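Order-wise, the sequence lines are chains A and B. Here the numbering used here is used: position 439 in the first sequence is 534, and no number is missing along the way. Here the numbering used here is used: position 143 in the second sequence is 238, and no number is missing along the way.
Everything labelled a hint here was simulated from the structure, so no lab data went into it. Please note that the accuracy of each hint is not assured.
The list treats identical chains as interchangeable, and a pair is accepted whether it falls inside one copy or across any two copies.
To be verified - Here are the simulated lysine to aspartate or glutamate pairs, EDC-like style, with alpha carbons at most 20 Å apart:
#1 Lys532 x Glu104
#2 Lys210 x Glu112
#3 Lys311 x Glu325
#4 Lys374 x Asp502
#5 Lys354 x Asp250
#6 Lys515 x Asp502
#7 Lys597 x Glu538
#8 Lys669 x Asp604
#9 Lys355 x Glu247
#10 Lys355 x Asp250
#11 Lys252 x Glu104
Source: prediction; values computed, not measured.
Number of protein chains: 2
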Amino acid sequence: MYRTKTCGELRLSNANETVTLAGWVQIVRDMGHLIFIDLRDRYGMTQLSLNADSDAALYNMARSLGREYVIQVTGKVIERTSKNSEMATGDIEIFVENLTILNEAETPPFTIENKSDGGEELRMKYRYLDIRRPHLKDVLVTRATMIRAMREYLDSKNFIEVETPNLIKSTPEGARDFLVPSRMQNGSFYALPQSPQILKQLLMVAGMDRYYQVVKCYRDEDFRGDRQPEFTQLDCEMSFVNQEDVFENFEGMVKHVFKKTNGVELPDFIRLTFADAVKYYGSDKPDLRFDCKIVELNDSLPKSEFPVFNNAIAAGNLVAAINAKGCAAYSRKQLDELTEFVKASHRGLSGLVNIKFNEDGTVKSSVDKFYNEEQLKEIGKALGAEKGDLILIAAEKASKVRKSLGDLRLELAKRESWIKPGTWSVFWVVDFPLFEKDEETGETNFVHHPFCSPHPDDLQYFDSDPLRVRAQTYDMVMNGNEILSGSIRIHQRELQNRVFNKLGFSQEDIDHKFGFMLNAFRYGAPPHGGCAFGIDRWVMLMTGGETIRDSMAFPKASNGRDLMMDAPALVDPKQLTELGIAVVNKD
Amino acid sequence: MYRTKTCGELRLSNANETVTLAGWVQIVRDMGHLIFIDLRDRYGMTQLSLNADSDAALYNMARSLGREYVIQVTGKVIERTSKNSEMATGDIEIFVENLTILNEAETPPFTIENKSDGGEELRMKYRYLDIRRPHLKDVLVTRATMIRAMREYLDSKNFIEVETPNLIKSTPEGARDFLVPSRMQNGSFYALPQSPQILKQLLMVAGMDRYYQVVKCYRDEDFRGDRQPEFTQLDCEMSFVNQEDVFENFEGMVKHVFKKTNGVELPDFIRLTFADAVKYYGSDKPDLRFDCKIVELNDSLPKSEFPVFNNAIAAGNLVAAINAKGCAAYSRKQLDELTEFVKASHRGLSGLVNIKFNEDGTVKSSVDKFYNEEQLKEIGKALGAEKGDLILIAAEKASKVRKSLGDLRLELAKRESWIKPGTWSVFWVVDFPLFEKDEETGETNFVHHPFCSPHPDDLQYFDSDPLRVRAQTYDMVMNGNEILSGSIRIHQRELQNRVFNKLGFSQEDIDHKFGFMLNAFRYGAPPHGGCAFGIDRWVMLMTGGETIRDSMAFPKASNGRDLMMDAPALVDPKQLTELGIAVVNKD
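Chain A on its own, in the form it takes in the complex (with noise of 0.2 Å):
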């Protein structure tokens, strides 16, 4: 046994005992005749103290020891003379009788503290020395927390949790596959899950009932954003459920994880619509820790000769509006900044009204020309404007219009810290469209995934008017990330094969492909549903990460590079030969 108690552990109410503890040496303070030596676990850390007149040789050890040094120590329990309140262990220090060098270390090439002194990259390439920073080893602490409570949850309800295979079979869910090659059947491909969604189906028509999984999936899309080309998932699925069953089990579960995880008791989840949640907040995945709605002006607009505006409304684009609270001192330089925000080639906006309610009761407008006091004020009450608020108008394509509004909400948010640290927004969106038209190429695609069932009020206009038909889909939004989609599915074999048709999919395309599930369909197949969770997004915000590799032990670069091990990288041509397979250049 190489220690009788961990670094994290020891009280007064310990003192005088004898203990054996091992770590590594967080920092060695040498004041000359007395040696204080922080040791750090995973548990915590304790002041270690040795004196020259005690033990010289031991000093002369202590003093040798560098930064991340692995030692072991005994000694006696002992009240400090100067406390530190800020360390669960600072009322007691140890005073050394034994110590051991168990591993010597060179000198880290950054340092081990919270703030550390490393970039990304050189902590990346060290991940083993950055887990050592509290923050991130309490991020995976956490994490393991919330997966723990999910399970207990769900075991708790009946779930089971079934593992499914991670060698399986290319089926296009929406991304692209990472291919494994088949040694035993030359030129044939595994293909790695994307998610396990026909899997999870296939259990249904087996009759597990409940099931769930905490599971890797991949997807091998190029690096957009914060993606690891490995994620996990909390992946679930139910038997004989509506969509109601659905959110009872899932809201019950993620209060549960909060409770457990940090104390939060989430209220009940509201339902927002996903025309609502797009019309007001311009995002299917509003954040809602904040007012700010997006309002419609084209039916309230008052009479006036601006023709930016008449022309929007006769074109049938949207004219429309948020009320940025208190920004009505915003200068020239500021109000540039909103416009050019709005004007970046992803929002395409080409300009913003505004109006300031100033604090003298003044009424400024870019389009002063155009409208008097009076009907500035008459738009002002549309969006509540009381002093001190900043009117921002936009007229063009509506879909333009509530996307550059909802980015500029979250951007007003940002800059005017309208959001409280530590206050959540966690609620349902649903009825998503089943289908939507591609702008460019005019084919249909499918929202969320080809399973998804369509609402039976909508299924008289699938052919008739596609765009229309609701889908029983479901999102769950947290704090302005989608945390978790999922749907009622389909579980009939000619509705499936009617959507894969829609889809575009050739009759040969489906068999190939998805054959063996619309096959399973034949056999009793109940009505079914679920959804699955994105943990490592949900990780990020629970412990207030910026990117999903903050919640993660072993994360890839931006690149899909794993920076610590070097991969992937070059193989024996050896095993290339078993394989079957060559390597060809790319243009």
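Go by the hints and put chain B onto chain A.
Showing chain B alone in chain A's frame:
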């Protein structure tokens, strides 16, 4: 809500309640005027009854139901006139007032009962129907229960579950890697982990202290015996521990899992050295549910002119025997079968000498010419022979004799039903050698893997007599199966490098493949050790299965194919172009 109760929960105390159930039609028994239906879901089976008089339309609908139809029924719980004590719900039935067909079913390709009429290939193709059979469903539930109990125990001991990546670097750990071509880095490959061995050791360097993970591992091996290309381990690692600490934790965990899963209280585990296991049982994973030890006779054979034994001893070979209790009456044919068994090419004995201690007191032997009755009795004494026993003796190269007699004792146990159903034998095997010599190539290989720590007492022989060096390696054996393998690891950079050298790796190879690990050891690696459990095999043993295919939801067939999904499969040539690889035909 599709149901108010499941098919497994109604009892007499529910009589007169109106309930709604949903499930699969197991069987429709049409008694003319009365129909009984067995309705099945994951939780059990409930009998429904319908009566032609009360509702003719309903009655006719019920008559039309086929096997595996999915239905929903509402009705009153009534006491049965003829109760079925074999069914948990056998005291009641539901008098159906409402029936909805949720989905029809074609006749399934085999019967959905514990004794199915479908062959294994057919059942694997329709695995979603096979899982409806109560036995296979129960296996999956037991598997989940066992894994839950493992987590429960480890969580209570401060272990943290950490997920390690599955797209890693190809490192030689003994088996062949599955490779994943990188699209973003043409010509490079990820590998799927054979185990998270190096990553968990890095988590110890990272200070995580106690780690576990229920994790998929991948080996691209030819399908000898009962293997799967992907399988599940409980992977564990601890810092600041010696063997005893590991034993204490995981012996405790196994006892906890048994108690929680099947209520069995296991006694404390014995420890058997590798040398004794091989000497007495001819195997490093002996089945100790029965005795039948191998007895070495080289030093105790009575003097005789029998050339086989004399030559064997002169050549330094081994003469050894087992006592087949109660088998003295074996016929010539049975004895011939045993001889053929040990002559099989992978055992390679040239024959067996037998001595029968007949019930009538006589002693007969196949070597009566060379040994008188007194001498035969003397041999019998060494083996504790009594009336009715059969002694079987082999005399050849020690390794062959041990392997053959070890296999023979298992074969006899099967023939003679020596193993009482429901008995458990779980123990540790310790003191494995660090290296072994490949008999064909003469190369020094590792016995477990290159990260096992040599026994400190034996380091002195590392260069002079490496085969003499014991490793701090251990296995856990359960009913003759290796269920856990583990070791105290090397945590010193120099020693790890020495081991790699001894194994014949060039320094260039070491740096390329293990550089990141050796590098990590520069910065304060703690002493650490751990183990990994084979979950599939443990589940197989707990549930009385014959192969690990029985332990998983969607196993591969023996050629690595998923018969249900039909994977691996050809992929779109576009996918290969994107990956920058081409298929080349193997010879």
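Broken hints, numbered, in rising order? As far as the earlier hints go, 1, 2 are violated by this structure, in ascending order.
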